[in-house]
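J.: Sequences listed follow chains V and L, in order. What the first sequence shows, in this note's numbering, is residues 1 to 416, in sequence order. What the second sequence shows, in this note's numbering, is residues 1 to 63, in sequence order.
Treat the hints as calculated values from the structure; they're not laboratory data. Every residue, glycine too, gets a C-beta built ideally from N, C-alpha and C. Incorrect hints may appear among the rest.
Unchecked claim - Straight-line C-alpha distance at most 30 Å; calculated DSSO-like pairs for lysine-lysine:
#	chain 1	residue 1	chain 2	residue 2
1	V	K126	V	K22
2	L	K37	V	K323
3	L	K22	V	K414
4	V	K335	L	K22
Stated by the list, open to error - A few chain V residues facing chain L, derived, Cβ under 10 Å:
#	residue
5	K279
6	D283
7	R316
8	G364
9	P366
10	D370
11	E380
12	I383
13	C390
14	Y393
15	A402
Unchecked claim - Which chain L residues stay away from chain V? Per the calculated CB distances, all over 12 Å, these:
#	residue
16	I10
17	T39
18	D40
19	V47
Residues per chain, in single letters:
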Amino acid sequence: MTENWNDNALFRPIKIGTHTAKNRMIINAMECCDSDPEGNPTDRTYERYTKLARGGAALINLEAITVTYEHRGRDAQLSIMPRNEKALAKFVSEIKKIDDSVIFIFQLTHSGELSRPEFSRRVCVKPLYGFGGDLLEEEDIERIMDEFTLAAKIAHNVGADGIDMKLCHGYLGSQLLRPYNDRQWKYGGSWENRSRFAFELFERIVREVNDPNFVMGSKVSAWEGFPGGCGSAGPTSSIMDLTESIALAKGLEERGAHYILQSAGSPSITLALSQPDEKIPDDAYLHHYFSSQYRRNLRPETVVIGSAYSIFGDGRNNLQAVKQEENTVWYWGDKNIREGVVDMIAFGRQSLADPAAPRKLIEGKPETVDWCTACDNCIELRIRQQNVGCASYNMPYVKALAKIRADEGLLAAKRT
Amino acid sequence: MAHVITKGCIECGRCKRECPEKAIYQGVNTSVIDPNKCTDCAACVEVCPLELIVPDFLAVYPQ
Numbered sequence: 001m002t003e004n005w006n007d008n009a010l011f012r013p014i015k016i017g018t019h020t021a022k023n024r025m026i027i028n029a030m031e032c033c034d035s036d037p038e039g040n041p042t043d044r045t046y047e048r049y050t051k052l053a054r055g056g057a058a059l060i061n062l063e064a065i066t067v068t069y070e071h072r073g074r075d076a077q078l079s080i081m082p083r084n085e086k087a088l089a090k091f092v093s094e095i096k097k098i099d100d101s102v103i104f105i106f107q108l109t110h111s112g113e114l115s116r117p118e119f120s121r122r123v124c125v126k127p128l129y130g131f132g133g134d135l136l137e138e139e140d141i142e143r144i145m146d147e148f149t150l151a152a153k154i155a156h157n158v159g160a161d162g163i164d165m166k167l168c169h170g171y172l173g174s175q176l177l178r179p180y181n182d183r184q185w186k187y188g189g190s191w192e193n194r195s196r197f198a199f200e201l202f203e204r205i206v207r208e209v210n211d212p213n214f215v216m217g218s219k220v221s222a223w224e225g226f227p228g229g230c231g232s233a234g235p236t237s238s239i240m241d242l243t244e245s246i247a248l249a250k251g252l253e254e255r256g257a258h259y260i261l262q263s264a265g266s267p268s269i270t271l272a273l274s275q276p277d278e279k280i281p282d283d284a285y286l287h288h289y290f291s292s293q294y295r296r297n298l299r300p301e302t303v304v305i306g307s308a309y310s311i312f313g314d315g316r317n318n319l320q321a322v323k324q325e326e327n328t329v330w331y332w333g334d335k336n337i338r339e340g341v342v343d344m345i346a347f348g349r350q351s352l353a354d355p356a357a358p359r360k361l362i363e364g365k366p367e368t369v370d371w372c373t374a375c376d377n378c379i380e381l382r383i384r385q386q387n388v389g390c391a392s393y394n395m396p397y398v399k400a401l402a403k404i405r406a407d408e409g410l411l412a413a414k415r416t
Numbered sequence: 001m002a003h004v005i006t007k008g009c010i011e012c013g014r015c016k017r018e019c020p021e022k023a024i025y026q027g028v029n030t031s032v033i034d035p036n037k038c039t040d041c042a043a044c045v046e047v048c049p050l051e052l053i054v055p056d057f058l059a060v061y062p063q
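The shape of chain V in the complex, shown without the other chains (with noise of 0.2 Å):
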């Protein structure tokens, strides 16, 4: 890493389609539970955002916010509908307010199979073991790609900078491409067919919005880490494989993504390989990996932004081998950076514990930082449907985790 602190390579600005961002940092789309029963932001939500927009970050990826109301993951979901179009316009111009410089984007889903059955309707293109749902049929999935469609154009109509398709963590983007899906149809079976879904649906966004400046890109799972899972060999292979990854990653670059934002697992299923914890940290090294792949096989102008960043901190973690100095999220970061690993970096829970931590490492003062722990308290939160937000720093969180913990006892397991 360089000596000096203000040329570490985070803090220099880059290209995403026709915006610049000003530094290399982001926000990672983390659902946080707090829309109103129309899945409208709220005065939390407002509070998360504005936080996050004060923090110096880049680019705001605005949690995964559902197509469909019908298909959701989470009770008190943010949505996308023609209903929400006035709020969302509102939403967006506030933020906008704070700081314009931040590219601000929205992250369209549709849960599929993670679809909660005690308040939507599961839905899947091929049951998997333990999850199941009612089987997708053609005429579905273009119903639901008119619904993204429409989604992207309100993005785009209430001000938002561009759109994020969600191919990742096992919602439904990534079930249609997984290896699982050999169903024969349309949507299943061939590689060919099971991009369906997302070549064109990014060309349907692409020539509908028709504006250059509308920035386009996907967050993708590299490996889902489980047997036919995306990024494996086969429908059930547990070898990983990332030809079908790269594939995406290229075909989506074809279509005019900006940027690829590389993650991997399926939190339902393989939440450690998702967000590294404090117990089993070291699969974040494995991101850097996967990001390295994609940097390698995509334009120089794509942006390749890395995930599970926020476990390293401030060196004072569990993973083993490594000086605490040179295991940084600044060392890197800034490593990363420079040796063609990565473009920008993600900060999902860390945003969460403090969403000015950009701010503070741009400033030189990461000993003020409020450290991710990587305890997963926000993420029991998600799985509880409450409120999400940092369980260790946050007190409102802090006691809401505590009090549901003594009514309710512990969590059977830890999946979202």
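Since chain V is already given, all that's left is putting chain L on it; use the hints.
T.: Showing chain L alone in chain V's frame:
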């Protein structure tokens, strides 16, 4: 003498990060202070968001 973490710990991990002696470890559904390593510096007391860490002679709910 040592400090102890009383009932209600949510395992946020802040005490563990602050402990200069690395005396705090993961127990069963709670963090635990190793009395043989604890030097009573109270760094953990300062950061516990639920104020659950006390000297052992004051503990109402010892581990």
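J.: Among the hints numbered above, which are violated by the structure, and what are their numbers in rising order?
T.: As far as the earlier hints go, 1, 6, 8, 9, 12, 16, 19 are violated by this structure, in ascending order.
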